[in-house]
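Work out the full structure: start from the sequences and follow the hints.
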Amino acid sequence: MIHPTHHPPIDIMQEYVAGTLSPAFGLGIEIHLSLCSQCCEKRALLEQVGGAVLSMGGKAPLSSGLQQKIMAALEDLATDSEMAKSGRALQTQPLQDGDIVLPRALSQILRAAGVDDLTSLKWRKIGGYGEADLPLPLFAKKATEIPPGTFEDAPRVRLLRLAPGAVMPRHTHKGKELTLVLHGGFKDSAGNYEVGDLIFADSDIDHAPEAHYNGPCLCLAITDGPLHLTGPIGKWLNPYLSL
Amino acid sequence: MIAPMVPCVADKTSVPIIAQFQPARDKSLLALSARPLHIIAMERTDSPSLDALMLRIRDHRDRTAFAALFEQMAPRLKAYLMGKGGGAQMAEDVLQNVMLKIWHRAVTFNPEKASATTWIFTIARNARVDMLRKTIKPVLDPEEPDLQPNPEPGAEDIVDLAQASEQLCHAITTLPDEQKEILNLAYFSDLSHGEIAAKTGLALGTVKSRLRLALGKLRKDLR
Chain A
8 MIHPTHHPPI DIMQEYVAGT LSPAFGLGIE IHLSLCSQCC EKRALLEQVG GAVLSMGGKA
68 PLSSGLQQKI MAALEDLATD SEMAKSGRAL QTQPLQDGDI VLPRALSQIL RAAGVDDLTS
128 LKWRKIGGYG EADLPLPLFA KKATEIPPGT FEDAPRVRLL RLAPGAVMPR HTHKGKELTL
188 VLHGGFKDSA GNYEVGDLIF ADSDIDHAPE AHYNGPCLCL AITDGPLHLT GPIGKWLNPY
248 LSL
Chain B
46 MIAPMVPCVA DKTSVPIIAQ FQPARDKSLL ALSARPLHII AMERTDSPSL DALMLRIRDH
106 RDRTAFAALF EQMAPRLKAY LMGKGGGAQM AEDVLQNVML KIWHRAVTFN PEKASATTWI
166 FTIARNARVD MLRKTIKPVL DPEEPDLQPN PEPGAEDIVD LAQASEQLCH AITTLPDEQK
226 EILNLAYFSD LSHGEIAAKT GLALGTVKSR LRLALGKLRK DLR
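Which chain is which? The protein sequence lines are A and B, in order.
The opening position of the first sequence corresponds to residue 8 in our numbering, with each subsequent residue numbered one higher.
The opening position of the second sequence corresponds to residue 46 in our numbering, with each subsequent residue numbered one higher.
Think of the hints as simulated: they come from the structure by calculation, not from any bench.
Ideal Cβ placement from N, Cα and C applies to all residues, glycine included.
A couple of the hints might just be wrong.
[Said to hold, decoys possible] Label-pair distances were calculated between CB atoms; the ranges are: (1) A:D209 to B:R108: 48 to 58 angstroms; (2) B:G239 to A:A119: 24 to 34 angstroms; (3) A:S127 to B:H105: 44 to 54 angstroms; (4) B:R108 to A:S127: 46 to 56 angstroms; (5) A:N221 to B:Q134: 52 to 62 angstroms.
What follows is the structure in structure tokens.
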């Protein structure tokens, strides 16, 4: 039974509900929602506000004949079966790596992207710290704004793995970072984080997360700007790392 | 039990001309100032209520009820879809998709869980996001052992929910204009909070605090 104690801020939830949060960050919110009934209630309330805004919204004139066209399509059997198809749930087992079991929602997304084994990801390791980019088609901030061929500012979606007791190099963020604990836990100067906890950080935060000693810690990390090392040694390493 | 309608005060002077909205691509402040910011028309003509119509569609496949729902909601949905950045033609394509989903998925409408306006809002938002992004969405497993389901709503909760939509509309009309404006942009436009700040010339913190204030007034649970 999971009862997360760290939740996404309400303004980020609003962007998620309105559909204006970038898909990469939306992914982190969705996985948290699959683990947090408290935030599911908040989502329901925010959707209620959306419904009220919609029901009071302005009207745009419709093309003539549109209503007749749609009324005529109501009993279209082809449409019926198409709808049924799109509503079918994917059946997947959670992805596992030893004792680590990923949430079902994330497992489904990874399997759909062709990842059937966490060890098949390309892991980069520095001491007790490892990270792997997830090959997800979530790069564009908005589909209407895809810059042709350039994804330089594209958010990165990664798995981070800390060995028991391992400390991440002290760092801050050039952009936003969403961290969701998937297994184990970690602490930093601001608090203690367990499975399901979501931390939304920006460049105001300067921290050195330390994994709990009783097991490895696996997190989902979504960033839209590079990390920036701030420790006495780390800051000399910035030019050499692609964190 | 359906709560009596609370009439949402008609403010005829701010009837939006959303059809004249420029696509969201045009980011200049000048273009914004030429736009009507008060997207909420603040007038409703619902009778009978959307919830009652949805129940007739769900339980009796009632085409007359669907036609009535279409007349109430389709022009608003088109305005919503256009405000989200697509052109008129794209908005009508998505609108057709949304109206057909309302008909075909009516069986999943449960007024004890979400009012008709809430249910339709989520269908419209998802249809638009799917059409623009084509990304993989997780289909949550109802068997997920980690997720504690909410207890079924009791009789009191159901009455609350039936009243909630009407009360929400009324509460929105009583918000200060500056909060109403941010609420409109946050839900109705295609803009993130950062983009709203850039467009309105407000500080991002001001945008977020106005939105939090508005949401807090609408739902104490959202403070």
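message: A range of 52 to 62 angstroms was offered for this pair. Does it hold for the Cβ distance of N221 of chain A and Q134 of chain B?
response: The hinted range 52 to 62 angstroms holds for N221 of chain A and Q134 of chain B, with Cβ atoms some 58 angstroms apart.
message: Within 46 to 56 angstroms: is that where the Cβ-Cβ distance between R108 of chain B and S127 of chain A falls?
response: 52 angstroms, holds
message: If I claimed the Cβ atoms of S127 of chain A and H105 of chain B lie 44 to 54 angstroms apart, would that claim hold in this structure?
response: Holds, at about 52 angstroms.
- request: Just tell me: holds or violated, for the beta carbon distance of D209 of chain A and R108 of chain B against 48 to 58 angstroms?
  value: 51 angstroms, holds
- request: Using the Cβ atoms, figure out if G239 of chain B sits within 24 to 34 angstroms of A119 of chain A.
  value: 30 angstroms, holds
Hint check: no violations occur; every hint is consistent with the structure.
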